[in-house]
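Assemble the complex: chain A is given as a structure, and chain B must be docked to it using the hints.
Chains as they are written, first to last, in the numbering used here: chain A, 1 to 165; chain B, 1 to 253.
No lab work stands behind these hints: they were computed from the structure. The beta carbon of each residue, even a glycine, is placed where N, CA and C say it ideally should be.
Some chain A residues near chain B, calculated using beta-carbon distances under 10 Å: (1) I83; (2) V142; (3) S143.
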Amino acid sequence: MRRAVLALGSTVAGLILLLSFRSHTGSAASAGVSAAGTGSQSPSAAPSASAGGSAGGSMGGAASPTPAAGGGAGGRVVTGDVINGPYGPSQVAVTLSGSKITKVTVLQHTDDGSNSQQIDGNALPKLTSETLAAQSAKIDAVSGASYTSAGYIKSLQSALDKAQA
Amino acid sequence: MPADSAASRLRHAEPVMGTVFSFDLPAAAGPVLPAVLRWLHWVDATFSTYRADSDVSRFGRGETELADCAPELAEVIGQCRRLSEQSGGYFTAWPGGRFDPSGLVKGWSIEHAATMLTAVGHTPVSVNGAGDVQCAGEPEPGRPWRIGIADPLRPGALAAVVAGRDFAVATSGTAERGPHIINPHTGLPATELASVTVVGPRVTSADAYATAAFAMGPAVRDWVESLDGYEALAITPDGDRWHTTGFPAYAAS
Numbered sequence: 001m002r003r004a005v006l007a008l009g010s011t012v013a014g015l016i017l018l019l020s021f022r023s024h025t026g027s028a029a030s031a032g033v034s035a036a037g038t039g040s041q042s043p044s045a046a047p048s049a050s051a052g053g054s055a056g057g058s059m060g061g062a063a064s065p066t067p068a069a070g071g072g073a074g075g076r077v078v079t080g081d082v083i084n085g086p087y088g089p090s091q092v093a094v095t096l097s098g099s100k101i102t103k104v105t106v107l108q109h110t111d112d113g114s115n116s117q118q119i120d121g122n123a124l125p126k127l128t129s130e131t132l133a134a135q136s137a138k139i140d141a142v143s144g145a146s147y148t149s150a151g152y153i154k155s156l157q158s159a160l161d162k163a164q165a
Numbered sequence: 001m002p003a004d005s006a007a008s009r010l011r012h013a014e015p016v017m018g019t020v021f022s023f024d025l026p027a028a029a030g031p032v033l034p035a036v037l038r039w040l041h042w043v044d045a046t047f048s049t050y051r052a053d054s055d056v057s058r059f060g061r062g063e064t065e066l067a068d069c070a071p072e073l074a075e076v077i078g079q080c081r082r083l084s085e086q087s088g089g090y091f092t093a094w095p096g097g098r099f100d101p102s103g104l105v106k107g108w109s110i111e112h113a114a115t116m117l118t119a120v121g122h123t124p125v126s127v128n129g130a131g132d133v134q135c136a137g138e139p140e141p142g143r144p145w146r147i148g149i150a151d152p153l154r155p156g157a158l159a160a161v162v163a164g165r166d167f168a169v170a171t172s173g174t175a176e177r178g179p180h181i182i183n184p185h186t187g188l189p190a191t192e193l194a195s196v197t198v199v200g201p202r203v204t205s206a207d208a209y210a211t212a213a214f215a216m217g218p219a220v221r222d223w224v225e226s227l228d229g230y231e232a233l234a235i236t237p238d239g240d241r242w243h244t245t246g247f248p249a250y251a252a253s
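Just chain A, same shape as in the assembly:
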């Protein structure tokens, strides 16, 4: 069960986060601070990230674990580590009902714009369908999902590790 969730998590994170990254950058209306994000957000704690896009760039600083925020209305909320990529920090919070991910909130992302965004109602059904598609397809890894979303994947994985989902 644990493995299933983690495997799902890392696959889905790549999918989700591509999804969220794109859908939000074009949709200012979706920028809302969730209950999950308000308690634990600390952008100033993130070390500055190096600029530049080279694969040989400086590595991200070690992220300090962020304590889980309080549970929201929809279940247990666990905040992932801040992951520093070449373009800045990435951080997500996951909401779990049991071991099932019901929501992923993007607390920090590496694009310009708002630092705290939430996957909106329109994206969630898509997210769910992508989740199911990835499960049925038994994808072991995703090629072409790199850099920025890798930070999300790492942050999501750390959240799941903390949740012991």
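Same frame as chain A, now just chain B:
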């Protein structure tokens, strides 16, 4: 106890080289993994163009001879030269005249990390460095690795799924970072393709081929068709697709 049961697998994600390397390996390889991770961080320090005191930076400034650098640098330079020749200069470790082998080092690191694990008997293994993947063995008896290819035009969706054993998948594209691959012959960002995925035995070559193919422009189709042992799938900004004649062999059922 089957060595490849789900319960005996280990997953690890390591932030290094400004990105994340993800490992899927047998739990029995756990004691070996720290050495592999240390090696990746050593590569980061040695090959970083952001660190003024790295071997690459010092060599690039002409302050040190190749013989006085880590021997891995000579190996990387050799691979860069091979791939530059094969790609008509579209892959280069001297973009803009400045020495920067970063475009090769990531793929080379992924391949070496996988080899470090398989060389001591640990399979199946997959190492995913920022979306470029080297797979060894098969994840379960009778089942190939299945690697999704991110759709550059539909964020969150997969454009295709490829399957294989002991193979590598590398993708270059604008999906996540916008136009960032420069055609070294024009100095302009490449815009002919939205993404190109190269599949073949080894990720060092697959990654460099994908980078070169992305930068190449109209000549790309003939060039990737000519690659020995490697196949390609390309997606244009309009959503058109084309692939090499051998690519369907990797199509997942």
